[in-house]
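A.B. asks: Spelled out from the first residue to the last, the chains are:
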Amino acid sequence: MNGQAASNGDSASPDFIRIENLSKHFDDFVAVDSVSLSIARGELFSILGGSGCGKTTLLRMLAGFEVPTTGRIFIDGIDVTDLPPYERPVNMMFQSYAIFPHMTVESNIGYGLRKDRLPKSEIGSRVDQMLELVKLNDFRHRKPDQLSGGQRQRVALARALIKRPKVLLLDEPLAALDRKLREHTQFELMAIQDRLKITFIVVTHDQEEAMTLSTRIAVMEQGRFEQVGTPKQVYEYPCNRFVADFIGTINTFESRVVGCTDGVIEVESAEAGSHLHALTDKPIASGDSVSIALRPEKIFISQERPDAAEDTCLHGIVEDLGYFGNLSLYRIRLSTGKIVQVSAQNRRRSAERFLEWNDEVWISWQRQSAVVLTE
Amino acid sequence: MTESAVKQFVNRNWQRLIVAVPYLWLLVFFLAPFAIILKISVADPVIAQPPFTPAFDETGRLQATWDNFTFLLTDKLYAITYLKSVTMAASATVLCLLIGFPMAYGIARASAGVRNLLLLLIILPFWISFLLRVYAWMGLMNNYGVINNFLIWLGVIDQPMQLMYRDFAIYVGLVYSYLPFMILPLYATLERMDLDLVDAAMDLGASPSVAFFDVTWPLARPGVVAGCLLVFIPAIGEYVIPYLLGGPEALLIGRVLFDEFFVNRDWPLASAVAIVLLLLLVVPIVLLQRSQARDTELAS
Chain X
1 MNGQAASNGD
11 SASPDFIRIE
21 NLSKHFDDFV
31 AVDSVSLSIA
41 RGELFSILGG
51 SGCGKTTLLR
61 MLAGFEVPTT
71 GRIFIDGIDV
81 TDLPPYERPV
91 NMMFQSYAIF
101 PHMTVESNIG
111 YGLRKDRLPK
121 SEIGSRVDQM
131 LELVKLNDFR
141 HRKPDQLSGG
151 QRQRVALARA
161 LIKRPKVLLL
171 DEPLAALDRK
181 LREHTQFELM
191 AIQDRLKITF
201 IVVTHDQEEA
211 MTLSTRIAVM
221 EQGRFEQVGT
231 PKQVYEYPCN
241 RFVADFIGTI
251 NTFESRVVGC
261 TDGVIEVESA
271 EAGSHLHALT
281 DKPIASGDSV
291 SIALRPEKIF
301 ISQERPDAAE
311 DTCLHGIVED
321 LGYFGNLSLY
331 RIRLSTGKIV
341 QVSAQNRRRS
351 AERFLEWNDE
361 VWISWQRQSA
371 VVLTE
Chain B
376 MTESAVKQFV
386 NRNWQRLIVA
396 VPYLWLLVFF
406 LAPFAIILKI
416 SVADPVIAQP
426 PFTPAFDETG
436 RLQATWDNFT
446 FLLTDKLYAI
456 TYLKSVTMAA
466 SATVLCLLIG
476 FPMAYGIARA
486 SAGVRNLLLL
496 LIILPFWISF
506 LLRVYAWMGL
516 MNNYGVINNF
526 LIWLGVIDQP
536 MQLMYRDFAI
546 YVGLVYSYLP
556 FMILPLYATL
566 ERMDLDLVDA
576 AMDLGASPSV
586 AFFDVTWPLA
596 RPGVVAGCLL
606 VFIPAIGEYV
616 IPYLLGGPEA
626 LLIGRVLFDE
636 FFVNRDWPLA
646 SAVAIVLLLL
656 LVVPIVLLQR
666 SQARDTELAS
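Protein sequence lines, in the order shown, are assigned to chains X and B. According to our numbering, the residues represented by the first sequence are 1 to 375, in order. According to our numbering, the residues represented by the second sequence are 376 to 675, in order.
Heads up, some of the hints might be wrong.
[As the list claims (entries may be wrong)] Simulated restraints on C-beta separations:
no.	chain 1	residue 1	chain 2	residue 2	range
1	X	D138	B	L458	22 to 30 Å
2	B	I527	X	V67	45 to 53 Å
3	B	S379	X	S148	46 to 54 Å
4	X	S148	B	L495	57 to 65 Å
5	B	R484	X	G248	22 to 30 Å
6	X	S148	B	R387	32 to 40 Å
Just so you know, these hints were derived from the structure itself, not from any lab. Built from N, CA and C at the ideal position, the CB exists for glycine as well.
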């Protein structure tokens with residue numbers, strides 16, 4: 001039976017949820033491959049990955065719907081690996097919302113408490129609180145098929161929260177909503193999480209959603225975690241090419257290391273047509289093959305050659321451009337044929353003219369903006 | 376009417392014209408025969424061709440009598456027969472539901488390839504005539520039939536068991552024959568059901584059996600109702616199965632109906648039996664539909 005919500009005064013142990021070498025095999029297919037993870041109390045943790053990466057299977061193992069092939073799951077120090085879903089202090093919000101179509105909004109939300117045989121008066125007052133929280137007071141007697149998508153989503157959320165679970169699992173919570181509603185709901189979710197102090201684990205394929213929502217993100221691929229870190233870490237310091245590619249857009253230059261001193265490496269890149277520099281704390285030796293990666297917004301673009309000497313500076317022409325109002329995206333073709341994506345704020349002073357197709361431009365960046373990828 | 380006027384009429388009313396087809400069908404092949412039977416049921420039997428009095432006598436006066444219906448009420452035989460038919464049909468329906476629900480559930484949850492094969496197996500017996508299949512059961516169940524011989528060979532029994540010509544054999548026949556009519560509508564509703572709903576119930580603290588009664592069962596109700604009606608209605612008036620498999624004392628309403636028509640040639644009484652049977656069937660169905668309509672009304 002679900003316990004009460006975490007008391008706030010508890011020290012934030014990083015091991016509130018601990019997953020140890022968790023695997024799930026379906027016949028020959030390995031859905032989750034020996035994954036380990038610790039999540040602190042009160043975190044809003046996202047598991048991010050494409051379809052088929054194993055993220056939903058992982059979530060379903062946490063909920064108790066799938067039995068792990070190997071590994072253990074601990075929640076608040078208790079081994080829940082062998083507990084059935086109805087005995088775990090965990091509730092789940094389903095991607096389909098899974099609202100009982102034959103029950104009203106009110107009885108959907110109160111279902112979990114009725115199964116715990118709480119007194120009627122307490123169920124009533126807690127359902128009222130939840131209706132208040134998700135702003136569905138006027139809809140309590142409606143049936144699910146009389147609700148909009150956003151309202152159904154809130155019913156599902158309220159139903160999953162009412163038992164005050166230690167952990168709330170959310171499977172693609174915003175995927176079914178249209179863009180405007182999604183942005184709004186995203187902040188609502190964060191506000192609710194902040195208020196109730198319940199640990200959230202969100203599964204999503206939407207990197208923007210993961211970036212804005214989460215305290216930490218695990219990027220998952222082929223049943224394994226590629227990187228676990230804060231949104232900033234994952235975006236600014238992707239640990240490998242997969243993560244770099246998966247989150248946002250990134251330019252990579254295939255290179256060979258020619259020198260490494262005091263954490264500054266010098267590489268030779270045929271794609272860039274010049275030597276590049278980057279900072280790294282990874283152990284790298286001359287002759288290694290690495291990729292130098294740059295986010296489009298870290299690259300400056302100008303019509304005249306910039307004068308700062310330490311900047312890497314390359315020459316190219318505007319192959320293509322996209323105007324998005326506040327910013328523009330450029331695809332620059334270097335003399336080597338390599339295409340580099342650059343984004344720039346449209347802060348043009350009136351004297352300058354807009355860049356057009358086939359304009360000759362200089363692109364430049366500071367060496368600390370470049371990331372070294374070894375895989 | 377000119378040709379273009381006809382065209383215009385069709386263009387404007389094509390939806391009504393399409394709907395008119397089934398209505399016309401029901402009018403000609405259901406309502407009209409029903410009116411005839413109703414007319415015969417209030418006639419007197421005569422030895423003539425046809426064997427009942429006409430609706431109007433020579434002076435043009437309407438002649439109708441309740442005699443047949445009062446006879447049905449006064450002669451205990453009919454009450455007993457109706458009761459026995461209803462009990463047997465209801466029991467067979469419950470048996471079909473108990474056997475059919477797990478089967479339908481299993482088929483609905485099987486993988487796509489297996490599912491189609493299982494459905495085919497459910498439908499396969501319809502390739503063979505119903506009558507032949509009932510005869511086949513005689514071969515299986517008689518005293519020196521397959522089942523008895525097999526059990527004797529196994530040494531479970533040393534004397535043949537009396538399987539045939541008992542209510543037991545009728546139940547076997549009814550359940551065997553009407554099971555597909557229970558499974559198919561159940562399968563249709565269960566297959567559509569979102570499995571996440573059961574998971575959600577379990578996630579919120581329901582054990583698998585509680586989740587079944589909270590979620591699966593209420594959502595399967597339309598299929599349960601349809602399946603039960605599809606079994607109960609033909610089972611109550613069943614003639615062939617009790618005639619072939621049941622004993623002579625198995626007086627069911629289908630048998631009585633047949634005897635009154637063909638043995639006693641008392642068409643008016645037989646018609647009255649048929650009308651009462653129809654009422655016995657129609658009244659519960661109408662009540663059921665009302666309750667379902669109320670349910671959906673509540674939902675909207």
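A.B. asks: Could you check the structure against the hints above and give me the numbers of any it violates, in ascending order?
C.D. replies: Of the numbered hints, 1, 4 and 5 do not hold.
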